[in-house]
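Number of protein chains: 6
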Amino acid sequence: MIRETIQNVVANITETCMNEDVYVTDEESIHLPSRGVIIGIIKDLRRVVFPGYFGDENISSTMPGYFLGNMLTHVYEELKAQIEIAFLYDDKGKSSSAEVTEKAREICERFISRLPYIQKMLLMDVQAGFDGDPAAKSKEDIIFSYPGLFAIYVYRIAHELYVQNVPFIPRIMTEYAHGKTGIDINSGATIGRYFFIDHGTGIVIGETTEIGDYVKLYQGVTLGALSTRKGQQLAGTKRHPTIGDHVTIYANSTILGGETVIGCDSIIGGNSFITESVPAHTRVSIKSPELTLS
Amino acid sequence: MIRETIQNVVANITETCMNEDVYVTDEESIHLPSRGVIIGIIKDLRRVVFPGYFGDENISSTMPGYFLGNMLTHVYEELKAQIEIAFLYDDKGKSSSAEVTEKAREICERFISRLPYIQKMLLMDVQAGFDGDPAAKSKEDIIFSYPGLFAIYVYRIAHELYVQNVPFIPRIMTEYAHGKTGIDINSGATIGRYFFIDHGTGIVIGETTEIGDYVKLYQGVTLGALSTRKGQQLAGTKRHPTIGDHVTIYANSTILGGETVIGCDSIIGGNSFITESVPAHTRVSIKSPELTLS
Amino acid sequence: MIRETIQNVVANITETCMNEDVYVTDEESIHLPSRGVIIGIIKDLRRVVFPGYFGDENISSTMPGYFLGNMLTHVYEELKAQIEIAFLYDDKGKSSSAEVTEKAREICERFISRLPYIQKMLLMDVQAGFDGDPAAKSKEDIIFSYPGLFAIYVYRIAHELYVQNVPFIPRIMTEYAHGKTGIDINSGATIGRYFFIDHGTGIVIGETTEIGDYVKLYQGVTLGALSTRKGQQLAGTKRHPTIGDHVTIYANSTILGGETVIGCDSIIGGNSFITESVPAHTRVSIKSPELTLS
Amino acid sequence: MIRETIQNVVANITETCMNEDVYVTDEESIHLPSRGVIIGIIKDLRRVVFPGYFGDENISSTMPGYFLGNMLTHVYEELKAQIEIAFLYDDKGKSSSAEVTEKAREICERFISRLPYIQKMLLMDVQAGFDGDPAAKSKEDIIFSYPGLFAIYVYRIAHELYVQNVPFIPRIMTEYAHGKTGIDINSGATIGRYFFIDHGTGIVIGETTEIGDYVKLYQGVTLGALSTRKGQQLAGTKRHPTIGDHVTIYANSTILGGETVIGCDSIIGGNSFITESVPAHTRVSIKSPELTLS
Amino acid sequence: MIRETIQNVVANITETCMNEDVYVTDEESIHLPSRGVIIGIIKDLRRVVFPGYFGDENISSTMPGYFLGNMLTHVYEELKAQIEIAFLYDDKGKSSSAEVTEKAREICERFISRLPYIQKMLLMDVQAGFDGDPAAKSKEDIIFSYPGLFAIYVYRIAHELYVQNVPFIPRIMTEYAHGKTGIDINSGATIGRYFFIDHGTGIVIGETTEIGDYVKLYQGVTLGALSTRKGQQLAGTKRHPTIGDHVTIYANSTILGGETVIGCDSIIGGNSFITESVPAHTRVSIKSPELTLS
Amino acid sequence: MIRETIQNVVANITETCMNEDVYVTDEESIHLPSRGVIIGIIKDLRRVVFPGYFGDENISSTMPGYFLGNMLTHVYEELKAQIEIAFLYDDKGKSSSAEVTEKAREICERFISRLPYIQKMLLMDVQAGFDGDPAAKSKEDIIFSYPGLFAIYVYRIAHELYVQNVPFIPRIMTEYAHGKTGIDINSGATIGRYFFIDHGTGIVIGETTEIGDYVKLYQGVTLGALSTRKGQQLAGTKRHPTIGDHVTIYANSTILGGETVIGCDSIIGGNSFITESVPAHTRVSIKSPELTLS
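Order-wise, the sequence lines are chains U, B, A, C, W and G.
Under this note's numbering, think of the first position of the first sequence as 31, with each following residue one higher.
Under this note's numbering, think of the first position of the second sequence as 31, with each following residue one higher.
Under this note's numbering, think of the first position of the third sequence as 31, with each following residue one higher.
Under this note's numbering, think of the first position of the fourth sequence as 31, with each following residue one higher.
Under this note's numbering, think of the first position of the fifth sequence as 31, with each following residue one higher.
Under this note's numbering, think of the first position of the sixth sequence as 31, with each following residue one higher.
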């Protein structure tokens with residue numbers, strides 16, 4: 031009885047797989063990228079920018095160079111292969127295999143060359159976290175444990191691939207961080223130096239958001255679009271706000287719209303709902319009387 | 031010294047285990063279900079409905095049938111065993127072992143037979159996601175990465191067991207998804223076709239919620255109960271709202287109460303707090319002046 | 031070409047590692063604690079307080095004592111080593127190795143001796159969860175699946191190390207729970223008996239928060255500081271609110287400030303934003319008219 | 031094309047499986063024992079008799095009792111289950127499930143109760159190894175590394191199950207040791223105290239061999255049957271030799287036949303081929319002139 | 031100091047790798063086959079020919095077809111890839127990549143098509159083992175545990191690739207069996223039906239050996255070459271003996287030479303050393319008097 | 031009932047552990063070395079001397095230097111720690127911890143510095159294997175698969191530690207190879223260049239054996255002691271033979287005694303038993319008539 035059930039289910043699902051375009055069925059050379067390998071790259075690169083924190087490498091007694099070089103060689107090979115697979119799948123045979131290989135090689139090399147810059151940016155983010163949170167006992171706490179730093183790390187990595195138009199991979203990366211932290215930073219966003227996210231759960235930073243330097247965000251902040259009713263027609267347009275330098279946005283505030291600009295040095299109080307621009311040096315807060323004591 | 035400490039702690043905890051009813055101590059044949067196995071089933075079934083995305087199976091060059099049949103056979107065995115364990119534990123010896131085995135067999139077969147339907151529902155959810163999010167580059171992005179789709183997938187699986195009154199397992203499933211995504215959909219809820227959750231962190235959908243077709247939810251939306259003061263006395267009553275077809279609910283809105291109905295084609299703006307019904311074709315938004323610029 | 035790129039990146043990152051104080055480079059005997067081992071301790075202790083739920087140990091047929099004693103011995107060794115490493119790193123050679131060893135031994139023994147108390151507290155938390163949530167089918171559901179209980183469990187463990195001034199480890203523990211549940215409870219907070227968190231995603235409970243007995247929190251509740259502009263200067267001061275006994279705080283409410291006290295038996299409705307004290311026996315709720323139907 | 035090939039092969043092998051009696055096909059409750067679990071039991075018990083050598087257990091600082099008790103509880107459960115499976119498979123439904131369960135329980139308890147005796151026997155074997163081999167630097171070397179001791183250990187364990195007529199499992203155990211060491215001791219053999227095997231590769235000790243105390247064997251020694259032409263008709267008869275106390279047999283000697291007795295205190299030189307009894311206190315060696323120098 | 035030592039060693043070994051032809055250094059597309067993958071194929075195919083014995087597949091309750099088809103699909107993909115790698119490495123770019131791919135595909139398909147034949151041969155080998163060994167309690171014992179059967183299984187698999195001139199892989203396979211069993215059967219040998227190896231350690235069967243049906247070998251038997259002084263000049267010539275049907279060769283006998291033929295129905299006694307042909311129906315045994323009792 | 035049995039067994043084994051000197055019980059700082067870590071070192075070093083063969087490192091496209099340096103750094107740390115543990119255990123507190131640390135550091139550095147020499151020796155051994163075996167299709171075959179080469183590799187590694195008087199570890203290493211190959215080479219032996227072992231199962235090479243250059247051994251060859259009756263009194267004396275340059279010893283020959291010298295360029299035929307010296311340029315073979323055809 032169960033035999034027939036399974037046979038029917040197999041037949042039914044097989045047919046669906048044959049007819050739906052999201053299932054690879056024809057070309058032997060076309061595969062989907064591997065989420066597992068891409069997550070492995072994120073973990074490896076974290077050991078490159080913060081050696082000693084997330085692996086068993088001991089950088090004190092001997093030479094970090096061998097460790098770093100070995101990791102980078104490995105990441106280069108892995109990432110190159112995934113980028114190739116992603117492009118081949120994405121353009122379904124329009125480019126030649128050799129073109130795609132060459133493109134992947136170039137993108138990957140450029141990506142590797144950006145890592146020292148990313149490391150320096152992240153060290154500034156660590157400093158911002160320590161300076162900004164009285165509960166932080168040390169900068170090491172932030173590297174080890176702060177989900178905000180992890181989300182920013184993954185964003186900074188993924189952003190480098192986004193700007194080179196790599197399909198699938200940036201999204202897999204940032205959603206991995208989203209799953210681990212509850213912080214959803216689209217890899218297309220632009221984010222400046224000394225960025226600090228405290229607690230972070232529920233934060234959403236949309237694809238066309240621009241964030242200046244020394245910005246601080248708390249949990250539950252949405253930097254989003256006003257409406258998505260037009261769906262894919264909106265792709266590519268500026269839909270998310272612009273946040274100036276030295277802005278702090280407290281917990282659970284929502285700022286919407288591609289034309290909304292929060293001027294520099296402003297403070298947005300908790301639970302705010304903002305759909306229009308705020309001038310520089312402004313303190314925004316919700317009125318107290320909205321509570322009724324019954 | 032530590033020896034005595036450990037001895038005392040062992041004695042103390044052992045005694046607690048002997049006296050508290052949540053610890054299994056007497057019957058050799060009564061066990062707790064295995065969370066690890068249940069999570070394994072979720073992962074396996076994801077490869078059944080989206081083959082090629084989450085495992086190393088290659089469905090292009092040869093035959094998906096063997097892969098699917100082998101997975102389903104395995105899932106059937108694993109799930110049947112867990113359901114048996116769950117019932118035996120739950121009714122503490124009231125049913126005979128043979129009755130429980132037969133019941134598990136039936137439930138499990140019905141569950142397997144529903145998988146083609148679930149796959150088709152999920153493909154509509156994927157389409158809804160692509161149509162609804164300008165930041166989605168492809169439907170593959172949604173399958174690979176969107177936490178909303180993962181939460182819906184797990185809900186649709188768990189719901190099939192919920193309606194067959196399987197204890198423990200539906201909750202273990204949906205809380206696994208909750209942990210991975212921050213989206214908490216109770217397996218008892220009823221959810222229609224073309225359902226889309228964007229970003230999703232912080233969403234709560236209560237046990238007696240009813241959701242129509244073509245509904246779109248953003249992060250932080252709560253579809254909850256008005257009050258839980260009466261605790262277990264409320265079990266079984268309709269406590270959570272009803273959402274009509276084609277409704278969109280923007281970020282961080284809260285809709286509470288079993289008698290609250292959001293009429294079809296309505297749009298609920300961000301940060302709304304709703305405890306009463308909203309007629310169809312309505313646009314709800316919070317007033318702007320609640321901010322003070324100081 | 032890629033060879034030169036990798037060589038440059040290695041040189042650049044090596045130099046950064048040599049010059050930044052968050053990287054261990056000189057002393058061979060100074061290491062960073064291992065996040066992996068600390069997470070392992072959390073998992074092991076969960077099997078000690080809830081044997082049968084999260085491992086393959088079978089406590090019914092034979093003797094839990096051997097299982098418990100073996101786990102505790104193992105945890106003692108592992109935790110002692112991590113505490114030593116943490117102190118040695120933290121005070122960079124000021125204490126002698128023997129002093130640190132002795133201190134770690136004492137802290138660890140005291141910690142182990144607290145476990146029966148923690149187990150009893152957790153069993154009350156389980157009861158609170160069952161009594162408070164009509165959707166809970168059983169107390170087992172809560173132990174197996176409720177993220178709130180997991181976050182409280184980790185908090186209660188980490189708090190014991192926090193009060194003994196152990197560096198790094200309490201934060202690694204609570205952020206692990208934060209990552210798994212979206213619930214961020216600082217290990218410095220004080221929390222009473224029968225504590226229940228429902229759904230939980232987005233909850234933040236700051237370092238100097240005090241919570242009484244029989245308190246119930248819903249998703250998205252922040253118990254936070256009014257402002258963090260002064261950064262590390264605020265370290266050690268009471269910055270977060272005090273919550274009385276029998277208080278319920280509904281979803282997405284924000285309560286801020288070290289001088290804010292929520293009196294006992296009060297109910298804080300959803301989406302509230304509170305920066306001042308609320309007397310006992312008060313029901314706080316936001317006014318309905320903030321919606322515009324357009 | 032490969033599709034058809036695989037389909038044909040599947041059909042062909044399936045048919046063979048349906049028709050050959052070594053494949054389980056009908057009864058759902060009948061399984062084969064698990065070689066992996068049985069090897070796990072061998073590894074676990076080695077940590078019980080030689081704690082500290084083969085696992086990460088640290089028996090110095092705290093209490094071996096918890097470790098031992100936990101291991102034994104685990105081994106008891108695992109072994110009991112495998113014995114049940116083995117009997118159910120072996121008698122294909124002749125005994126009732128309850129009878130088999132009870133029998134497995136008894137055998138397993140008796141087995142556990144023999145472990146202190148086995149440990150003491152093994153410590154004598156270790157001493158024999160140290161006394162007998164000038165290349166042994168320590169008794170620890172023998173425990174850690176000598177394949178002879180490992181083969182004897184597995185034999186002593188398996189023999190306890192052989193004498194209780196457990197099917198399949200003793201053979202799986204001794205062949206595991208055979209694979210690791212090249213030493214093939216049938217679990218039916220009888221072996222006395224202070225037994226030492228040096229180097230050991232190629233040793234074969236047949237099922238009905240009897241070996242006294244203080245015996246020493248070198249690599250390549252066969253204690254075998256004269257002929258096996260009669261096959262299964264010989265099952266149960268004494269086919270292999272008897273070796274007296276204090277006998278040494280040097281490398282590559284072959285001693286055959288169930289009536290062959292090597293008297294006590296004898297020394298059998300290397301490369302001997304013996305098919306008749308040797309009196310006590312005899313030195314046997316092959317003549318030198320069998321070499322031709324050309 | 032250690033830094034300089036490691037730098038020197040790295041430089042030295044790198045130089046060796048650049049200059050020795052056994053290290054792959056130039057072509058990016060040329061790799062070595064993966065020993066791990068090849069061993070995985072051996073393990074997978076064992077589950078195909080003996081389902082239920084070496085994995086957790088349960089062939090009784092549902093359908094072996096899915097399991098078998100899934101395994102074969104997987105093996106086909108894995109083996110094809112390894113064969114391609116092996117040929118590409120072996121002919122260092124002489125064939126085009128497409129030619130090699132096509133050749134691998136053909137070889138692999140032919141290989142898969144031979145599996146039902148191999149299974150039937152192995153079932154006869156199992157029968158031969160049971161009939162020939164009074165210590166065998168069951169045919170299941172032989173499948174589970176007998177190293178001889180394992181070595182024959184691997185030989186029969188590897189031989190199919192040897193006859194198709196696949197480089198590297200047949201040797202990796204038979205040496206894996208050699209390591210596990212001490213039985214070294216060159217994949218080039220020809221071996222008939224109902225072949226039984228008892229105990230087996232130390233057996234060597236050379237590349238050009240021919241063995242008839244119903245042959246039985248004991249441990250330590252060498253079927254070898256008379257001399258190897260001419261080294262690679264002898265490659266391809268018949269160097270190893272021919273063994274007729276129904277021959278039994280007892281332990282530790284050595285039979286050498288490509289022109290040596292052991293006639294059918296002969297019995298070669300233990301410890302024999304034979305370099306010339308033996309007629310059919312002959313019993314060969316070494317004389318007894320070569321022992322001196324002193 | 032089983033409870034009492036386990037309690038008794040635990041008590042009994044605990045008492046044995048407390049009273050037998052092979053169990054570590056008092057000093058917290060004294061441990062046994064880890065067999066697992068030592069085997070890991072063997073595997074790692076094999077990837078250093080034969081990069082590309084046994085791991086997934088790809089040395090063609092980028093830089094082997096990072097890979098090698100990273101492996102060596104890791105091996106250095108691991109081996110140093112194991113050597114320290116071995117010395118501390120072995121001299122039970124006679125040396126200070128600092129002395130032992132310094133000694134381990136020196137030994138380990140010297141060991142690392144010898145690796146290029148070992149690699150060159152092994153490449154000569156590979157060449158000897160290819161030249162000496164007509165069945166070898168390539169030198170790669172020998173590196174991948176020949177057990178003889180693996181045993182020689184481990185011997186050459188272990189010998190470096192033996193000559194520096196490291197306790198336990200050389201024996202653990204060579205017995206690991208013995209287990210994998212059936213070839214037992216004591217780490218104390220001295221072995222020259224171009225050494226080739228064919229097939230190898232059953233070979234024993236004793237501690238004080240000396241072997242010249244260009245020597246070839248076949249399976250089952252014993253280079254052993256005449257008698258071991260005096261046990262530990264013989265420790266340190268020359269007990270095993272000396273083999274001159276260019277000697278070949280065919281299968282299953284036994285050569286015994288510390289004063290036995292096989293002169294250079296000699297050939298020892300199969301199954302020989304030699305206890306006296308053989309002059310140079312001699313061919314030794316056993317007489318043919320030892321067979322009776324009955």
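There's no promise every hint is true.
No copy labels: a pair is met if it fits in one copy or bridges any two.
Calculated pairs, DMTMM-like style, for lysine to aspartate or glutamate (alpha carbon to alpha carbon, straight line, at most 20 Å) [to be verified]:
| # | residue 1 | residue 2 |
| --- | --- | --- |
| 1 | K73 | D86 |
| 2 | K124 | D51 |
| 3 | K260 | D295 |
| 4 | K169 | E50 |
| 5 | K122 | E50 |
| 6 | K122 | D295 |
| 7 | K150 | D243 |
| 8 | K169 | E34 |
| 9 | K124 | E306 |
| 10 | K124 | E136 |
| 11 | K73 | E108 |
| 12 | K260 | D275 |
| 13 | K260 | D161 |
| 14 | K73 | D275 |
| 15 | K167 | E237 |
| 16 | K150 | D51 |
| 17 | K260 | E237 |
| 18 | K133 | E237 |
| 19 | K268 | D295 |
| 20 | K122 | D51 |
| 21 | K169 | D121 |
| 22 | K150 | E50 |
Derived by calculation from the structure, the hints in this document are not laboratory data.
Computed from a predicted model, the values in this text were never measured in an experiment.
Quick rundown of the hints versus the structure:
1. K73 to D86: Both, since 13 Å and 18 Å are each at most 20 Å.
2. K124 to D51: within (17 Å within a copy, 39 Å between copies)
3. K260 to D295: Between copies only: 15 Å across chains, 34 Å inside a chain, cut-off 20 Å.
4. K169 to E50: between (50 Å within a copy, 11 Å between copies)
5. K122 to E50: Intra 15 Å, inter 42 Å, cutoff 20 Å: intra-copy only.
6. K122 to D295: neither (48 Å within a copy, 38 Å between copies)
7. K150 to D243: Within one copy, since 14 Å is at most 20 Å while 46 Å is not.
8. K169 to E34: So K169 and E34 fail the 20 Å test inside a copy (61 Å) and across (32 Å) alike.
9. K124 to E306: neither (44 Å within a copy, 54 Å between copies)
10. K124 to E136: within (19 Å within a copy, 29 Å between copies)
11. K73 to E108: within (12 Å within a copy, 23 Å between copies)
12. K260 to D275: between (31 Å within a copy, 18 Å between copies)
13. K260 to D161: between (42 Å within a copy, 9 Å between copies)
14. K73 to D275: So K73 and D275 fail the 20 Å test inside a copy (30 Å) and across (42 Å) alike.
15. K167 to E237: Result: close only across copies, 11 Å inter versus 33 Å intra.
16. K150 to D51: Answer is between; shortest inter-copy Cα gap is 13 Å, intra-copy 42 Å.
17. K260 to E237: within (16 Å within a copy, 32 Å between copies)
18. K133 to E237: This pair counts as neither: shortest intra-copy Cα distance 24 Å, inter-copy 48 Å.
19. K268 to D295: Result: close neither inside a copy nor across copies, 23 Å intra and 26 Å inter.
20. K122 to D51: within (11 Å within a copy, 39 Å between copies)
21. K169 to D121: Between copies only: 14 Å across, 44 Å inside.
22. K150 to E50: The answer is between: 10 Å across copies meets 20 Å, while 45 Å in one copy does not.
Comparing the model with each earlier hint shows violations of hints 6, 8, 9, 14, 18 and 19; every other hint is respected.
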